[in-house]
Structures are given as structure tokens and as C-alpha cells.
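Chemist: Sequence:
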Amino acid sequence: VQLQASGGGLVQPGWSVRLSCVVSGSRFSINAMGWYRQAPGKQRELVAAITDAERTNYADSVKSRFTISRDNAKNTVYLQMNSLKPEDTAVYYCRCMDYVGRVYWGQGTLVTVSS
Numbered sequence: 001v002q003l004q005a006s007g008g009g010l011v012q013p014g015w016s017v018r019l020s021c022v023v024s025g026s027r028f029s030i031n032a033m034g035w036y037r038q039a040p041g042k043q044r045e046l047v048a049a050i051t052d053a054e055r056t057n058y059a060d061s062v063k064s065r066f067t068i069s070r071d072n073a074k075n076t077v078y079l080q081m082n083s084l085k086p087e088d089t090a091v092y093y094c095r096c097m098d099y100v101g102r103v104y105w106g107q108g109t110l111v112t113v114s115s
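Residues in the sequence shown are numbered from 1 upward in steps of one, following the working numbering.
It should be emphasised that the hints constitute simulated quantities derived from the structure, not laboratory data. All C-beta atoms, glycine included, are put in the ideal place defined by N, C-alpha and C. There may be inaccurate statements among the hints.
[As the list claims (entries may be wrong)] Label pairs and their computed distance ranges (CB to CB):
1) Ser115 - Phe28: 43 to 49 Å
2) Ser16 - Gly101: 19 to 25 Å
3) Gln4 - Thr51: 19 to 25 Å
4) Phe28 - Lys85: 33 to 39 Å
5) Gly101 - Pro13: 19 to 25 Å
6) Gln12 - Asn72: 17 to 23 Å
[As the list claims (entries may be wrong)] Derived DSS-like pairs: lysine-lysine, alpha-carbon spacing no greater than 30 Å straight-line:
7) Lys42 - Lys63
8) Lys85 - Lys42
9) Lys85 - Lys63
10) Lys74 - Lys63
Please model the entire structure based on the sequences and the hints provided.
Modeler: Given below as C-alpha cells:
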């Protein structure tokens with residue numbers, strides 16, 4: 001199973017970025033999908049998650065600024081990030097879990113928020 005994340009880069013505070021993550025090669029349907037991030041010197045943390053029923057969960061620090069969504073036909077999860085702040089700078093990882101409980105991680109995409 002491969003997860004290919006894209007969309008990171010260098011942006012200024014207040015800008016928006018959309019991350020995408022395509023899942024391929026899974027024998028089983030994908031249940032939960034999510035985005036995590038890891039800033040330098042910090043532990044990896046949950047940013048947002050979405051179930052197959054499209055129930056969502058967000059870290060308090062990103063609520064009202066970030067939106068997670070998924071396209072099941074394309075096996076893709078998105079993270080729309082608005083009003084970015086320097087403290088959002090991190091490597092963002094996508095993660096998915098299939099219906100037999102296997103968890104897979106993407107390679108990470110760097111988002112740098114700086115003026």
C-alpha cells in the first residue's frame with residue numbers, strides 16, 4: 001500500500017494551502033483517513049481525521065482554520081489549510097487504516113509558514 005502526499009511548500013502567514021494524499025494498492029477498503037504533523041523537536045500529533053462516514057475530528061489548534069475531506073472514488077484525502085500561522089510549520093503525514101485494522105503512513109510533505 002502506498003500513500004502519496006503532495007501540496008506542501010513555503011507560504012506566508014495568512015495564506016492557504018491544500019494537501020492531498022492518494023492511497024493505492026490496498027486490498028481492502030479504506031476506513032479512517034487522517035493527517036498528522038511533526039514540527040522540529042516535537043512529537044507527531046494528530047491534525048485532523050475523517051471516517052468512512054465522513055465524521056471529522058480536529059486538533060484544537062486548527063479548528064475553524066483547517067478542513068479535512070475525502071473522495072472515496074479516488075481514494076484521496078485532502079487537508080485544506082487556511083489562515084496559516086508560523087506554528088503550523090511541520091512535516092505533514094497522511095495516514096489511513098483499512099477495514100482489517102492495518103495502518104499505513106505516507107512519506108510526509110513539508111509545510112513552512114514564514115514571511
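Chemist: Does each hint hold? Answer for all of them.
Modeler: Structure-based check of each hint:
{"no.": "1", "hint": "Ser115 - Phe28: 43 to 49 Å", "verdict": "holds (44 Å)"}
{"no.": "2", "hint": "Ser16 - Gly101: 19 to 25 Å", "verdict": "violated (34 Å)"}
{"no.": "3", "hint": "Gln4 - Thr51: 19 to 25 Å", "verdict": "holds (21 Å)"}
{"no.": "4", "hint": "Phe28 - Lys85: 33 to 39 Å", "verdict": "holds (37 Å)"}
{"no.": "5", "hint": "Gly101 - Pro13: 19 to 25 Å", "verdict": "violated (39 Å)"}
{"no.": "6", "hint": "Gln12 - Asn72: 17 to 23 Å", "verdict": "violated (33 Å)"}
{"no.": "7", "hint": "Lys42 - Lys63", "verdict": "holds (20 Å)"}
{"no.": "8", "hint": "Lys85 - Lys42", "verdict": "holds (17 Å)"}
{"no.": "9", "hint": "Lys85 - Lys63", "verdict": "holds (13 Å)"}
{"no.": "10", "hint": "Lys74 - Lys63", "verdict": "holds (26 Å)"}
Violated hints, listed in ascending order, are 2, 5, 6; each of the other numbered hints is respected by the structure.
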